[in-house]
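Visitor: So the chains spell out like this:
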Amino acid sequence: MAAFVTKWKGNEKIRPGAGKARKMGKFFKESISKMFSLKEEIPRSTDLVIVGGGLVGSAVAFFVAHKQTNREREIMVIERDPMYTTASSSLSAGGIRHQFSVTENVQMSMFTTKFLRNIKFFLGLIDQPPPDVQFNHQGYLFLATPEKAEKLEELVKMQKYLGAEVEMFSAEMLKQRFPWLNIDGIEAGSLGLNGEGWFDPHSLLAALKQRNIGLGVRYIDAEVIGFTKKLSAPETIGNQYVLASVISRDTDGDMFETNCHQVVNCAGPWAGQIGELAGMGTETGALSIPLPVVPRKRFIYAYHCHNGPGISTPLTVDITGTYFRREGLGGMYICGASPESEEEEPSIENLDVDYEFFNEKIWPRLAHRIPAFENIKLKSAWAGYYDYNVWDQNLIIGPHPVITNFLLANGMSGHGLQQSICVGNAISEMILNADTYTVDLSRFNFDRIIRREKILEDFIV
Amino acid sequence: MMSCFKSLRPANRIWSRLFLCQTRGYVERDPRAIKMGDLVFEPEYNRHMPDDGKTPFVNLNKMLNVVEADFDKESLKQFMQRKIDVNDIAEQRVDAKTKEKIGKDLAAAYVVVKSGGRIQFAGMDRWIEKKGSHIPLPNHNIPNLKLQVADLTGSSIRYEGLAFLEGTSIKMLILRDCQYIDDFCLSRLYKISNTLEFLDISGCTLVTDNGLAALCKLRNLKGLRINDLPNAGNKALIAAYLLDENPELNVLGVDLPLDHDKEMPETSPEESGQYSDSSTNSSNKPPT
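Going line by line, the protein sequences match chains H and F.
Per the working numbering: the first sequence = residues -11 to 449.
Per the working numbering: the second sequence = residues 23 to 310.
Watch out, some of these pointers could steer you wrong.
Subject to a maximum C-alpha distance of 20 Å in a straight line, what follows is the list of computed EDC-like cross-link-like pairs (lysine to aspartate or glutamate) [what the hints assert, rightly or not]: (1) F/K213 - H/E153; (2) H/K442 - H/D428; (3) H/K108 - F/D231.
Across the chosen pairs, the derived CB separations fall in these ranges [to be verified]: (4) H/P70 - F/K244: 48 to 58 Å; (5) H/G151 - F/K168: 44 to 54 Å; (6) H/P70 - F/E182: 35 to 45 Å; (7) H/P70 - F/G154: 55 to 65 Å; (8) F/H162 - H/K148: 28 to 38 Å; (9) F/E182 - H/I448: 24 to 34 Å; (10) F/N253 - H/T73: 25 to 35 Å; (11) H/E333 - F/F101: 46 to 56 Å; (12) H/E155 - F/T227: 46 to 56 Å.
Treat the hints as calculated values from the structure; they're not laboratory data.
All C-beta atoms in this analysis are idealised placements derived from N, C-alpha and C, irrespective of residue type, glycine included.
Please build the complete structure, drawing on both the sequences and the hints.
Guide: See the structure below:
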């Protein structure tokens, strides 16, 4: 029916999507092999394809499935790592804060807190205990030098105006409240009093996936390796086209084609590759700009301290950017920091941990700020990827101007956990209601990258 | 099953609550819906979907309020529970105009008494509570009226309902057997951290360890009662951590001893012979 559809370039055998006839012999062969294999069949057509089944992808699937009536849209989530072994969602430190300098970021995290508060209504199953994400309510503490204290005060005013429960403290008040803190060089700090803290991201992901499966969302264990394109009939503007189908390869190596109506890119750190498969960064005009999201490796170190800070310790972010928080009730803490410059960025080839970074950069600064941490014992460490937006480290959300049915939800650069729920809601509003209205995210469209505008966030951890 | 129904106060049994429920129009609808009399058309036009010449999809299902529901006991219970939740949140809210008119303390008193609780103002020695449906509180501003004690035993106070705490100087708060109080509600108590001296959260089944940890924000707390918290397994340990930071705190309802001094043995390990080195083990003393 369509004017032209690109064919998949390659000689591999692909099980074609719906609407394409196959020879009778092949069809019978396939039916017989289906009888003897245990794996689930990848559907030949679906309405909504979500590339990536982490927190963002599952949140998108959840909100679309939750809001629609009577399963109008068939939703398919394609995730190549079904055990989430290298997924940023599971490896995250799990913090959620409302202290940002961009107003939409504040609103997005507040939406996520509200969602977690009402998790029984959204993700609870009938007659089962509500999903428990182990939310610790101790909040975030940002420390400021004398130069930055005034700016911090203005930002706290902005956050309070938006409804966040954050308070400014002077250095003396901080010392009174947290005796373990060394206030040398600190003028003030901002502490989140309610709604901030940290939780277990994997239990949220499991709860979302469980509820999604109950709502009829299909989770496919496959990897997306391409898209086919078609012109959207009857008229096109410029070189606009539409993604007609998704080609995925499952764990056995077989390739399947699935016709789709819309595609959402929730691939996290690997979003740039998915964008390239869809055609971003290949041709001329607006298509020549690739999706500026790359994976960046970050480390988290877990250590034990005998007489460390007590139970009221917030997730403290030092003036140097180093952060730490309590982990559990046995004297364990975790810490981390982002590298100071581009040259110090670790290699993304694997998830190996660099312990020299801890010994040289993190531990001395932590020990200076919290004297009790001079005697600690490093117990373990792990690494994960940030979906780093090299342009301005903020969210990119919305449809692509040329590929009209390709929605982006990428580039949260370390804030993916906090913003995932709101991003899922925003994408569902774009799909069901034509524009975001709960939190207005029109500023974060891909257009700002074409216009070379930046939205910069001051509080990056 | 009937026995567990009877253990709840009459106001909280699902059937009788639903009877008292008036829907009040708090139905969740798209704010941009077009209303024509009784009919409601919700816009579902989607500019991101390719236009293939068909008319925009009009959501007639919501107009007919057809919901994909299984008609079994659990989902009916869930459906009715949702109606009760929406109604409770609407009832426990106080709007800004009322607060301005009668003052924060009196507005807070209204919320508590209306939800089935009882209160005491500063300088009084009797409880004020609802008699039938009559609320014996004045409806004009009285200066220097301080709400001091709020007893919400067995009520259905929720997170949104706890907004009454803001700006009050409550010294004693009793949230005993409140089935909707959870960790987030305990975190919200920071609003009265300056004045709160006694808190009772026994019997709140939704409270977990993390909720008890959130009580670290109540820096002037002198008494805490935490009986019957089945989902808070480590409450003794968390009580010990809270005592570390707030030595004046008295914790009631915890089984294990909390004396830190008694944790260490009174004689040093070498003297008691328990951890003696095998190389210097001259006397074969049995371990004490």
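Visitor: All the hints need checking, so say for each whether the structure fits it.
Guide: Hints versus structure:
Restraint check for F/K213 and H/E153: the C-alpha separation of about 10 Å stays at or below 20 Å, so the hint holds. With a C-alpha separation of about 17 Å, the suggested pair H/K442 and H/D428 falls inside the 20 Å cut-off, and the hint holds. At roughly 18 Å between alpha-carbon atoms, H/K108 and F/D231 fall within 20 Å of each other, so this suggested pair holds. Under the hint 48 to 58 Å, the C-beta atoms of H/P70 and F/K244, about 52 Å apart, fit the expected range.
Between H/G151 and F/K168, the C-beta spacing of about 27 Å breaks the proposed range 44 to 54 Å. At roughly 38 Å, the beta-carbon separation of H/P70 and F/E182 lies within the given 35 to 45 Å, and the hint holds. Range check, H/P70 to F/G154: about 59 Å between beta-carbon atoms, so the 55 to 65 Å window is met. For F/H162 paired with H/K148, a C-beta distance near 31 Å keeps the hint of 28 to 38 Å intact.
Separation of F/E182 from H/I448 is about 33 Å and conforms to the stated range, judged on CB atoms against 24 to 34 Å. Checking the proposed 25 to 35 Å range against F/N253 and H/T73 shows it holds: the Cβ atoms sit about 30 Å from each other. Checked against the given bound of 46 to 56 Å, the beta carbons of H/E333 and F/F101, roughly 52 Å apart, stay inside it. Take H/E155 and F/T227: their Cβ atoms lie about 31 Å apart, and the range 46 to 56 Å is violated.
This entry does not satisfy hints 5, 12, going by the numbered hints stated previously.
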